[in-house]
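Trainee: So the sequences go chain by chain: A and B. Numbering-wise (the working numbering), the first sequence opens with residue 1 and increments by one. Numbering-wise (the working numbering), the second sequence opens with residue 1001 and increments by one.
Please keep in mind that the hints were generated in silico from the structure rather than gathered at the bench. We treat Cβ as the ideally placed atom computed from N, Cα and C, and that holds for glycine. The reader is advised that the hints may include incorrect statements.
Pulled a few chain A residues facing chain B out of the computed Cβ check, cut under 10 Å [unchecked claim]:
(1) 28
(2) 159
(3) 218
(4) 219
One letter stands for each residue in the lines below.
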Amino acid sequence: MDSSKNAFWLTWILKRRTALALTLGLVFIAVTMIHESRKLIGLPNEVFWNNKLQWRACADWVLAGDSRVNGALAPSEMSSVSPGLRIRNFGFRACGYRPDYLEAVENVLDPESDNPAIILGVSPRSLTQRPTSRNEFQKRVNMPRVVCRNWEQIMWTLKRRPLEHWYALICHSRRPARPLFLLYPDGWAAGALNPERPEHALKQYRREFTHNNVDPDMIADTLECVKRWTRSGVRVYGFRTPAAPAMIELENELSGFDETAFVESFTQAGGVWLAVNQTGYHSYDGSHLRWDAALQFSRDLAEAAAEAQKNDGCSVVAVRCGFNPILAARALHHLPEFQTSAP
Amino acid sequence: MLFNSLIFLLFFGLFITLWPLLRGRNNFRWSYLVAASLVFYGWWDWRFIFLIVGSGLIDFLVGLGMVRFPRRRKWLLVLSITANIGTLATFKYLDFCLQNVNRVLTLLGFDDAVPLAGLPLPVGISFYTFQSMSYTIDVYRGQLKPVRNVMHFFAYLAMFPQLVAGPIVRAAHLLPQLKHGRAATPQERWTGLRLIVNGYAKKVIIADNLAPVVQSAFGAGDPERACALWWAVMVLFAVQIYCDFSGYSDIARGLARWMGYEFPVNFDHPYISSSFREFWTRWHISLSTWFRDYLYIPLGGGRGGALSAHRCMWITMALSGVWHGVGWTMLSWGLLHAAYLSIERLTNWPRRLAALPGGRHVATLLVFALVCVAWVFFRAIGVSQAFQIVLAMFDFTNINLAAAREIVQPEHLALVLLVAMRHLYIYFELDRGSWRAAAPARALEPLVTAGLLWASVFMRGPGQDFIYFQF
């Protein structure tokens, strides 16, 4: 009886195995996608990036740079130091200071602003010619308009995980790190990693700097922009983005970035350099600041910039910020969940 | 359109949905297949459609002409070969030749350089020109009757699953199949699905995840002098290129199965070969047999004695090398394999070694190691880099395990182990065991296939083109 039952099931499976394999495969994929979609909190990823690209003449202060700036500077926190300023974080993942990006930065600045300033977060990586495929700004600018927002959200849940993630999961030697990002309408991407991997980014940076050093032409283009902006009355501040001590050491050693020379040229071009404690803030992966450290850093940087302005004899003029309270409330709603993820 | 792109999945989904409706009548089926194939090909660059149509039309007309004007068969064959080789030479080799001419001119003291043509390389040109040539040669030899319907011919030549990276399917194999609009049986659909899923898994999980490691090792301007590092990198590359290319072939075969057609096996676990002769019967089989039937044997093959056989083999391997790519590195790769084969013929070392206890395993390892050394020339940016790497591989005074550990992580080794296990499974003939036919094993197959499908989505490496596209 049992063997005939088994034979029945085997025949049933074998007859339908193509459909069965496809259905099972799609079910597995759908379950993983649902699981992944729960990691997306705050503003939807697509809305977050596309909103940034839509910004035109809407800010008094524009914060520019790569993912380090994107994750390290909270405009709302900076506004609490300098009330009334419309501050936008225009940082993009893997973004370098290419001419088109610098032009876009300038466009975000309100030409009517009484206190216009551009704050450039400088990391050696942002001064290298990296492939455009990984540059979030380039990718978004070149993306066809027909790409539907929901579609991008779906694709996010289908994104690949690095091989080491699966190896850790299978071998249990390392627990896979769970990244969490809370995306704010003002451009800040608050981040955390649980558990933290203070040396996670080092390997990738070491590999990149082996073949891809700081590009002198890119520095020259950036400084040319600084000159032009300062001449037109825009204050330009620069700072080196903080990271883990090992990362700063690695960058100094391998990237070909000469900070002293850069600062000298930057100030000669009319910019004001904000000397920050580069290793004084907590990084969750060696490169990016954890969200609570980012809040602290934002406050510190805003105070430094305000002090620089006072010394310059300028005053801050209050202009109402176009902040969307509904989206902000929605994002803030997730904060408790976010806090529990951080150790 | 890349097989590993979302647009291709949508394209194939649409194609296979409409296929049963149009399959019934020959003209509908062929026209549908040709139209879909041209869309597939034109997705890269629509201008290349004219090239494939133009060179295909010449071969179609030459085939008909050979029947109509039997006395001028030879001239018609020359026309076909000239058109095909001429196209290949113009698009693929012209700039390389001009660069070398310019070098010679510089050495002779001439200041003026011949300007380069700068023509783009049409995707898969080496594959479809060889396929097209096989048609006219077979018709010339009287081994094949020319087709009279142009759509029938183009359905063979441009059939999208094998158009850009093979397998190189012979006209005699595919044209008769195309005459029938047979629906795929449930067994064929199952085999097709398994081939497709296995092919994707090989490409996107294994090859694409290993590619960045190999790329970063070869990308360094001055290769590190570390023996262990380069052996590790070359093993990774051996696995990467096998999974990349055999993955494509598997997907192509699987897609054809779903359409009711059958393509020949192109890769048969090449790394279990215990001689180089065996290696070439397991690696890129469709190309090896093409060169054997249309070049090596017509050149004389083994008919003119041992010396002639060596000469023909060296010419064949050299041309096989440059078929793979333009440059001295590819030529060196082909010639190195020719040297391996010559030494093997002269000494018969694999057979002698295999006669010793455990000798077959040693021979297999040795063949694999030497194949890895040859891959250095295939992958290197230039000949000088290749020689530097080969020297580093054999510099046993500087093993430097730490450098290897730095670049090759346990997860990469896990992928290599997976491929090695699959090869060993065949090597020790475990596939012939009765357990495979047992009910639990068969019932688990859909689950394993579903798991691979899932893994191909979430464990995929950073997107890479198929290596063989550049050929």
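Trainee: Now tell me if each hint is right for this structure.
Mentor: A quick look at each hint next to the structure:
1. 28: holds (4 Å)
2. 159: Holds: closest Cβ of chain B sits about 8 Å from residue 159/A, inside 10 Å.
3. 218: violated (20 Å)
4. 219: Cβ of residue 219/A sits 22 Å from chain B, so the hint is violated.
Violated hints, listed in ascending order, are 3 and 4; each of the other numbered hints is respected by the structure.
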